[in-house]
Amino acid sequence: LAKTTQPISMDSYEGQEVNITCSHNNIATNDYITWYQQFPSQGPRFIIQGYKTKVTNEVASLFIPADRKSSTLSLPRVSLSDTAVYYCLVGGGNTGKLIFGQGTTLQVKP
Amino acid sequence: EAQVTQNPRYLITVTGKKLTVTCSQNMNHEYMSWYRQDPGLGLRQIYYSMNVEVTDKGDVPEGYKVSRKEKRNFPLILESPSPNQTSLYFCASRGGVGGYGYTFGSGTRLTVV
Chain A
169 LAKTTQPISM
179 DSYEGQEVNI
189 TCSHNNIATN
199 DYITWYQQFP
209 SQGPRFIIQG
219 YKTKVTNEVA
229 SLFIPADRKS
239 STLSLPRVSL
249 SDTAVYYCLV
259 GGGNTGKLIF
269 GQGTTLQVKP
Chain B
35 EAQVTQNPRY
45 LITVTGKKLT
55 VTCSQNMNHE
65 YMSWYRQDPG
75 LGLRQIYYSM
85 NVEVTDKGDV
95 PEGYKVSRKE
105 KRNFPLILES
115 PSPNQTSLYF
125 CASRGGVGGY
135 GYTFGSGTRL
145 TVV
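Read top to bottom, the protein sequences are chains A and B. Sequence positions in the first sequence follow our numbering and run 169 to 278. Sequence positions in the second sequence follow our numbering and run 35 to 147.
Because the hints were derived from the structure by calculation, they are not lab data. Nothing here was measured: the structure is a model prediction, and the numbers come from that model. Using N, Cα and C, we set each Cβ at its ideal position, and we do this for glycine too. Among the clues, some could well be false.
As the list claims (entries may be wrong) - Only part of the chain B face toward chain A is listed, based on derived beta-carbon distances under 10 Å:
id	residue
1	41
2	71
3	77
4	81
5	84
6	87
7	89
8	119
9	122
10	128
As the list claims (entries may be wrong) - Covered by chain A, per the in silico footprint, the following chain B stretches (three or more residues, Cβ under 8 Å):
id	stretch
11	102-108
12	136-144
All chains should be built: construct the whole structure from the sequences, respecting the hints.
So this is what it looks like as structure tokens:
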């Protein structure tokens, strides 16, 4: 499974757009990029997944450049309730292995 | 409602007393997995299963057992719990091939004294 690198922490203010970038230089051809959100003492929650270009759902967008060596999770107009840890995971879908990195702790301030 | 259900939510036990944490999913998912989460160490995979009767070790399997006799259930067994297994445990499941869209349970906070 490809190793990922994310910033340890980020601060933002309510109403701003937040972009969290993840590096995954060793991504393989059949690997997907998936992001999770975790609140304290709760299980991680799936946010978004993509393979290439851009993916958008009701809560976030995921931007993946052509070389796929990085990806950016974009959270539009964050609120205090978006304060959480965000994990970027990279891997193929035909294995049960799932390795979480250290994640990015996002603190949204009023 | 599609969900992963773990029981119990909280458990305090004594060293050496065998225990089982149950996990059940109602989404007909093939893949199931157990994780533990500890401060400073993040989420670490204990065991995973890719289908009935197919299980494999994750990164920290020592001291744990699992079984997958039915598709919906994936219990985590601690034969002889020790204090270093005090942790927050999560079960997760997903269906088929094509990414990592796992659904996680609410967690089991285990304390071994």
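How the hints compare with the structure:
1. 41: Check failed: Cβ of residue 41 of chain B comes no nearer than 14 Å to chain A, outside 10 Å.
2. 71: holds, 9 Å
3. 77: Holds - the Cβ of residue 77 of chain B comes within 10 Å of chain A, reaching about 4 Å at its closest.
4. 81: This interface hint holds because 9 Å falls under the 10 Å limit.
5. 84: holds, 5 Å
6. 87: Since the shortest Cβ distance to chain A is 14 Å, the answer is violated.
7. 89: holds, 9 Å
8. 119: Violated - the Cβ of residue 119 of chain B stays beyond 10 Å from chain A, reaching only about 18 Å at its closest.
9. 122: holds, 7 Å
10. 128: holds, 9 Å
11. 102-108: It is violated, with 0 qualifying residues against the three required.
12. 136-144: It holds, with 7 qualifying residues against the three required.
Hints 1, 6, 8 and 11 from the list above are not met by this structure, while the remaining hints are.
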